[in-house]
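Number of protein chains: 4
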Amino acid sequence: MDPMGCQSRKLENSFRLTRVGITGVKKPVVVIRDGTENHLTAEIDVFVDLPSTQRGSHMSRNVEVVTEMIDESVRSKVGSLEQLSANICKELLGRHGYAGYAEVRMAADYFRERETEGGRKTLERFRLIARATATRGNSLMKLIGVEVEGMTACPCAQETVRQMLVEEVPELKDLSGRVPMISHNQRNRTTLMMEVPEDVQVEADDLIDIVEGSISSPTYGILKRDDEASVVLHAHRNPKFVEDVVRDILGKLLEKYADLPDTVHVTVRSESEESIHKHNAFAERITTLGELREK
Amino acid sequence: MDPMGCQSRKLENSFRLTRVGITGVKKPVVVIRDGTENHLTAEIDVFVDLPSTQRGSHMSRNVEVVTEMIDESVRSKVGSLEQLSANICKELLGRHGYAGYAEVRMAADYFRERETEGGRKTLERFRLIARATATRGNSLMKLIGVEVEGMTACPCAQETVRQMLVEEVPELKDLSGRVPMISHNQRNRTTLMMEVPEDVQVEADDLIDIVEGSISSPTYGILKRDDEASVVLHAHRNPKFVEDVVRDILGKLLEKYADLPDTVHVTVRSESEESIHKHNAFAERITTLGELREK
Amino acid sequence: MDPMGCQSRKLENSFRLTRVGITGVKKPVVVIRDGTENHLTAEIDVFVDLPSTQRGSHMSRNVEVVTEMIDESVRSKVGSLEQLSANICKELLGRHGYAGYAEVRMAADYFRERETEGGRKTLERFRLIARATATRGNSLMKLIGVEVEGMTACPCAQETVRQMLVEEVPELKDLSGRVPMISHNQRNRTTLMMEVPEDVQVEADDLIDIVEGSISSPTYGILKRDDEASVVLHAHRNPKFVEDVVRDILGKLLEKYADLPDTVHVTVRSESEESIHKHNAFAERITTLGELREK
Amino acid sequence: MDPMGCQSRKLENSFRLTRVGITGVKKPVVVIRDGTENHLTAEIDVFVDLPSTQRGSHMSRNVEVVTEMIDESVRSKVGSLEQLSANICKELLGRHGYAGYAEVRMAADYFRERETEGGRKTLERFRLIARATATRGNSLMKLIGVEVEGMTACPCAQETVRQMLVEEVPELKDLSGRVPMISHNQRNRTTLMMEVPEDVQVEADDLIDIVEGSISSPTYGILKRDDEASVVLHAHRNPKFVEDVVRDILGKLLEKYADLPDTVHVTVRSESEESIHKHNAFAERITTLGELREK
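Chains as they are written, first to last, in our numbering: chain A, 1 to 295; chain B, 1 to 295; chain C, 1 to 295; chain D, 1 to 295.
Be careful, since some hints might not be right.
[To be verified] Within a straight-line C-alpha distance of at most 30 Å, the following computed DSSO-like cross-link-like pairs (lysine-lysine) qualify:
id, chain 1, residue 1, chain 2, residue 2
1, D, Lys256, D, Lys77
2, B, Lys77, C, Lys278
3, D, Lys77, C, Lys121
4, D, Lys224, C, Lys278
5, D, Lys224, B, Lys77
6, B, Lys26, D, Lys173
7, B, Lys173, B, Lys90
8, C, Lys278, C, Lys121
9, A, Lys173, B, Lys224
10, B, Lys173, A, Lys173
11, C, Lys252, A, Lys77
12, D, Lys26, C, Lys278
13, D, Lys278, A, Lys90
Think of the hints as simulated: they come from the structure by calculation, not from any bench.
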């Protein structure tokens, strides 16, 4: 057998590569939050860079690292997907001696119990997003993110409808402050991600709360008739453009994370599947806490 | 070279197969409707059955047939995806002498111009679905189908909201017939498919009209502020469960296709992406015109 | 409040509906197999039929049933997704007094440990498919299914290559029985589903074994260099059309399930993502054990 | 009616937004290349930035601009998706007076005729990717990209197999230079994108040629038996890691675009759907021509 392996052969086109690795790995992962075990099915991508002097990247090592670190996590109780990503990231740099950069991405469905206004418990589905990136010799950065499905009602259509209806039904004029007007409403999908140094803690559950507090209304698995009407009323008393959703989240982040450093990266992205169109409305801010604080 | 080909070799497990073929083919197709050329990017699946005495199915012949028939269609002006499917189906039986059954499926995005209430022209996107199936010696059946994205507003939440608001604002009681109440509304995706003998004509455009006339409101690419309010008002004066959508379509089919035979197969399926839930509401009827007429 | 609910209102178009329900529910489910807990993230669809006299289907009850039955399953240790589907199915008929039919569908990623030829342990990903259908007054049918990703190598290209190479390199002629020839190989996705009466047991793990024994080679998460070469050699000494895959599975089913009744439904479907084409090769048999035994 | 519109209202959280717009628009587009009309179904996203002083972004204007520019393009014969994107981008800045940045993204299936080695014509499917970005007062940048599906055969498994087989069949030793060894091969999906100033021309067809010349083999819609064997032989005489694919493309870009400025951005990404694994192999380089030239 060739002791060198094919990956070490000499190269014709000796360019370095930004990221080399494996994508589409799926593994069962157990994460402990507040003493509770969360059994997740994680989708995992793993990358290192490749110098111009190295032909291939020993891909099988990547899967070994992922597998061993996940096994290890079950024994040593990892607290989050981002911490597991960070652990794998460091191990990748350890095993790929040639690499100066490592990156791990994870995503998984995640469930949380919640009560409706009427006191009914429902189990709601969210999506966790995690990433760790490490440059050899520098500190590791980790990203904590969530994707939340909720509901937005449009403030603009609501206002135009009010004007139209008041013309048709003048008696409505005095009531319209107390009777919320119809509007189009729809599923909204909002992503909130924060990238912080390894030793900084950000809880995905807090990010979910921030998003759900910034859309017209959270959505629920089970709604009895009264609960349903309450959600609809709440959403229409709280209409939001996707632009409003992103900005309200930014405002809440400044309050909640007043102690975090200026260098923390923030991505907020909100997309509404407009019920009156076949296309979506989209708003996004990519920034740092520092930049937001300058405002 | 082996003149027989590998597909003719003797078999260990000589079971017949229901469908053998190729899936995921994409081809540009030109269809002429009312003198206008429609350039479609069609996704195509092609199948024949395979007797127990035949090892393989000469898959490459299937692509040849598809390619030649599409080329032929450009010269001889095919009128619809279902007619093109029918032509390919017959040719498959011609070239696969061993086959007793052939099936062709197609789907493509399709655009139609339309006016909003305010007189503005928009180009709306739909999905065409076509299928042809032939059993050797019997007549060919073809399926004409459409998938339409539109809007539904929920009648039940609307009624509960009305009751709640009238308790809060008694003056509303007398107005509530003239002022549409808020409800949740959302994107709805409805599929309508009819399967008829080859010589029967059903126009996909008519099916689109039937679906759009049975949901709370069609949706539009462009809506200026007044148009938008009109759509929202119209939808809330016309609230629909997915069950209502399917039944209204069934009623319209009986009227529109009074002359078609009892044997015509009908599939109606409606799915609303509920804005207050993360799951969808779904209703479906699979039937024949004959069964519907018995009612 | 209206004690009747909107779903009981009188109807204009009083057609019965084949299936009404909710789709796209996701829930965490715990299944016990051989004493081991499997934590699955299940995608769930739930349907009942709707008579012509009933306007709507009380959709929220469906989610309640799903939620309560899943909670119940955690306490009472359900053995499989199909058993959980069956339990939900019966409860649906119990709570929707108007319904004569109920149907539950589930699918989930599922992981199983396995050894490579070289003795290395890997955790492989599969997909479980479950369904239960019940008609009031009749016995319940349940479906147990798996989707397996593996590898196929093409026997036909391999044979043509052999003929070509022997012309170029005559010395190869005598070796060609011992040296497997190159061919195109690729990812294959095979689905095997059996539908049986409620009291009949079929193990999803057995179905996975049958599929993996019928393709050119299973695939593995981790393969060191020698393992990798062994897999490649094994696949090319075991080339398979999709037609062969389906037939070999049918043969194995007859042996394995010799004791099951003739009425058991069987669906086998195999699709290869051909590495030399942009389209897929597809083969399928939909049948019963009885029909297979006649042969 | 309120002459200001809801989008101009005062704001609570007055943060600026990076990108606001609409996503998921689909439109039929006609592009003229070398005198031939290409009818494409384009997926389109359109964004502008939003200053902190502006509440909403007049989303309906975005669709109007897209629609009018596409209508205009049919009359004035646009040469490419990227040119159409550029035109829309400029118009967006014209109509959204508050915006300092505009971005348009497009993607579409695209077909090109090609001959197999055996002289057979096939119509192959590719994916065009286009983007234009403009900052007010600065020159516009446009991106020309392609996604190509092809085939890779693994050089490493091939070498290990050779060593294994030579041990089993010593006579093979002298032949192994002339007889290509088996390996795993699979579908590969490679993306090549170049971002250039508006006045620089890059042809998508050239990018397709560069990618197809850098993988183990292009793939074909139709292959007769001899063509099929030739493709398999060619791929196995030309085995490639994803790393090799990316580097070979980088080498070819330096030759082909020797005259383009150093500032041109280049993204090359290659992903192989490994036939022996359930995960993919991935390699990427994000760089500029200048950086590549330094090497």
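Going down the list of hints, with the structure as the test:
1. D/Lys256 x D/Lys77: With a Cα-Cα distance of about 27 Å, the restraint between D/Lys256 and D/Lys77 holds, given a limit of 30 Å.
2. B/Lys77 x C/Lys278: Holds, at roughly 27 Å.
3. D/Lys77 x C/Lys121: Violated - the C-alpha atoms of C/Lys121 and D/Lys77 are around 60 Å apart, more than 30 Å.
4. D/Lys224 x C/Lys278: Holds - the C-alpha atoms of C/Lys278 and D/Lys224 are around 15 Å apart, at most 30 Å.
5. D/Lys224 x B/Lys77: Given pair D/Lys224, B/Lys77 holds - Cα atoms ~28 Å apart, limit 30 Å.
6. B/Lys26 x D/Lys173: At roughly 44 Å apart (the allowed maximum being 30 Å), D/Lys173 and B/Lys26 break the hint.
7. B/Lys173 x B/Lys90: Violated: B/Lys173 and B/Lys90 sit about 64 Å apart, past 30 Å.
8. C/Lys278 x C/Lys121: 33 Å, violated
9. A/Lys173 x B/Lys224: OK: A/Lys173 and B/Lys224 at ~24 Å, within 30 Å.
10. B/Lys173 x A/Lys173: OK: B/Lys173 and A/Lys173 at ~15 Å, within 30 Å.
11. C/Lys252 x A/Lys77: Answer violated: C/Lys252 to A/Lys77 is near 43 Å, above 30 Å.
12. D/Lys26 x C/Lys278: Roughly 24 Å separates the two Cα atoms, so the pair holds.
13. D/Lys278 x A/Lys90: Within the cut-off at roughly 24 Å; holds.
Violation of the numbered hints given earlier is confined to hints 3, 6, 7, 8, 11; the remaining hints are satisfied by the structure.
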